[in-house]
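Novice: Please work from the sequences and hints to get the whole structure.
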Amino acid sequence: MSRAIIHWRRVPALAVLTLAFAAPAHAQQALGTVLRACGALDANRQLAVQATGGAPAGSVLVASVAGRADVLGDVRIVDPTLATWDAIGARRTRAAEKLEVAQLATRATATLSAAQSYAVRIASSVPGTEVCFAIVAFADVASGPGALQSRAAAGGTSAAPSLTGGAAGDGTTQLLVAAFALAGDPAGFSAAQAGDVAASTCTATATLCLGTVSRTDPGTGALTLGATLGTAVAWSGALASLDRETLLRDGFE
Amino acid sequence: MFRSTIGRMAVLLCALALSLSWSPGAFAQATRTWVSGVGDDANPCSRTAPCKTFAGAISKTAAGGTIDVLDPGGFGTVTITKSITIEADGDYAGVSAAGVNGVIVSAGAADTVTLRGLAIDGAGATLGVNGVRFLAGRTLVLDRVTIRNFNGSGVSFEPSTAATLAMRNVSISRTGQATTTAGAIFVAPTGTGSAALDLDDVHTADDRYGLSIAGPATGVVRDSTIASPAEDGIVANAPTAAVDVTLDGVAINDAGTNGIAANGANAVLRISGCAVTGSAQGLLVSANGRIVSFGDNRIGGNVVNGAPTQVQALQ
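These protein sequences, in sequence, are chains A and B. First residue of the first sequence? That's 1 in this note's numbering, and the numbers climb one at a time after it. First residue of the second sequence? That's 1001 in this note's numbering, and the numbers climb one at a time after it.
In case anyone wonders, no lab produced these hints; they're calculated from the structure. On a predicted model such as this, the values are computed, not experimentally measured, just so you know. Careful: at least some of the hints might be erroneous.
[What the hints assert, rightly or not] Computed list of chain B residues with no C-beta within reach of chain A, every gap over 10 Å: (1) 1099; (2) 1108; (3) 1164; (4) 1255; (5) 1272; (6) 1280; (7) 1287; (8) 1301; (9) 1307.
[To be verified] Rough simulated footprint, nothing fancy, chain B against chain A, three-plus residues with beta-carbon under 8 Å: (10) 73-79; (11) 90-98.
[What the hints assert, rightly or not] For the chain A half of the interface with chain B, some residues (derived, Cβ under 8 Å), not all of them: (12) 104; (13) 106; (14) 124; (15) 153.
Cβ coordinates follow ideal geometry from the N, Cα and C atoms, glycine included.
Specialist: Next comes the structure, spelled out in C-alpha cells:
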C-alpha cells in the first residue's frame, strides 16, 4: 500500500522528466525577429520603430545598433516594458568609414507583441544621423552581466567578415550573437556556416547596413561566427555569447 | 745574444701590457660611467673619456652603478643583466630600435633597473619589436621616458619572479602596430612570476591597447591618460591568475573597443575619479570579471556606456 502511494507520488516527477526530454525542440532557439529597421534620428535623437514580431515573457532580447556618425554615443534602447538593457559589446572603427556597432541585451519581463513601439536613443549624436537597429528574441538563455560575455570585436574590409571569440566554448555557452555594421550594400548577406541564422537591413541609400548572425547551442568548439557577403565592404563587428538558462534542462539534451 | 735579450724583453713587455689591460676590465668596474654622442666604446667610459653606447658602457659599470649621459646623442639598444641606472638629466638620450628591442632587462631576482630620461624609438623600415622588454629582475623603474613606434609593446613586462613595474612621467605612442597581443604597456607574468604595478603620470596615444594586464598582478594606476587605443584602454585578463588593480584619476578616450574591461572570474578593476568617454563601450565586464566603482567616475559619450558590477561607497 505504502509502496503504491510512493509510486503514485513519483508520477509528477516522471511527467516533468518526460517534458524535459521533449523540451529540446524549444530550447535555446531563435524565437524570431522583433524588429529590424534603418532610419534617421529625429529631433529627439531617437529612431522609433514598430515591432514586426513579438516575444514571450522570459525570452532574452538582443539588440544591435549600427551607425556611421562622427559621434555615436550614449545609446539607449527603450522598449515597451522600459527594461534595463545591458551592454554586451561594441566596436568603433575610426577609419574613413566611421563604423560603429553596439550590442545590448535584456530579458522580456512581459509578453511582447507585434506593433508595439521601440526606440533607440543616441544622446551624443545629432538629429538626422542614420542608424540601423535590430532586435532578435531568443529562448532559454540567461541574461544579466554574469551570463553575457563580449567575445570579440574587430573590423576590416572583406566579403567574409568573421569574429572569433579567442577561446573555445566552455560548455555553458548557449548562444553566439554577432552584429556587423557595413559601410555599403553587401549585395547579399548570409551566414558563413550552415545552420546559423543571418539577416540584414540597410538604409534607403545603402550607405549603412546592419547584419546579424546567431548560433544556438554552439557546443565546445572554437567560437567563430561569420557572414558571407556578395561583395567586399568595410565592416565593424562585435561578437557576444550568452550562457545557458538552466543546467537541468541542458542535462537532458 | 743581443737579439735573444731583446726578444725576451719584448715577451715580458707584452705579458705586462696584457696583464695591465685585463685587470681594469675584470676587477675595476666603475660605479659611475659616462656616454657621449662623440664618445668611443674603446674608452674607459670616464667623465673625460666617455663611451659611445649604453651597450659599451654597461660592461664597464659595476652592478648597482649608473651610466650617465653627458650630452645629446643616440646611444643604441642595450641588454641589462644586473642592477643599473641609465640616466639622462636634461639631454636627449635616444635609443633607436628599428626592427629590434630597445632595452631588454634580464637581471637577477633582486636587481633594480632604472631608466631615466630616455627616448626609445622603433621608427624605421621595420618598426621595433618592443620598447622595453622586462624578463627578469626585482624592479623596473621608468622615469621621464618616451617610447614610440613599435610593432610589439612599448613596455612588455614579463617577469618570471615577483617583480615591480614603477613608471613616472612616461609617454608611449604608436605601439602594437603589428602584434594583436601588444600595446603601450603589456603585463604578462610568466611561470611563477607576478607583477606589482605602480604607474603614475603615464600617457599613451594611438596604441593597440593602453594597458593590458594578465595575472597574477596587483597595483595602482594614477593620474594618467589613455588616448585612442585601437582596442581596449585598460583591460584585465584573469580567467585563472588574479588581477586586482586600482585606477585612480585615469582618463580614457576614444577606445575602439572598451574603455575599461575586466575579463575573467579573477579580474578586478577598482575605479575612482576616472573618466571614460568617446569609446565603443565605456565599461565592459566579461566572463564574470568585476569592475568596482567608488561612485565618483564619469562614464559618458561612449557608444554604449556599460556599467560597473558594484558600487562601493567612498569612505
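Novice: Tell me the hint numbers this structure goes against, listed in increasing order.
Specialist: The structure conflicts with hints 4, 6, 7, 8, 9 and 13, although it agrees with all the remaining ones.
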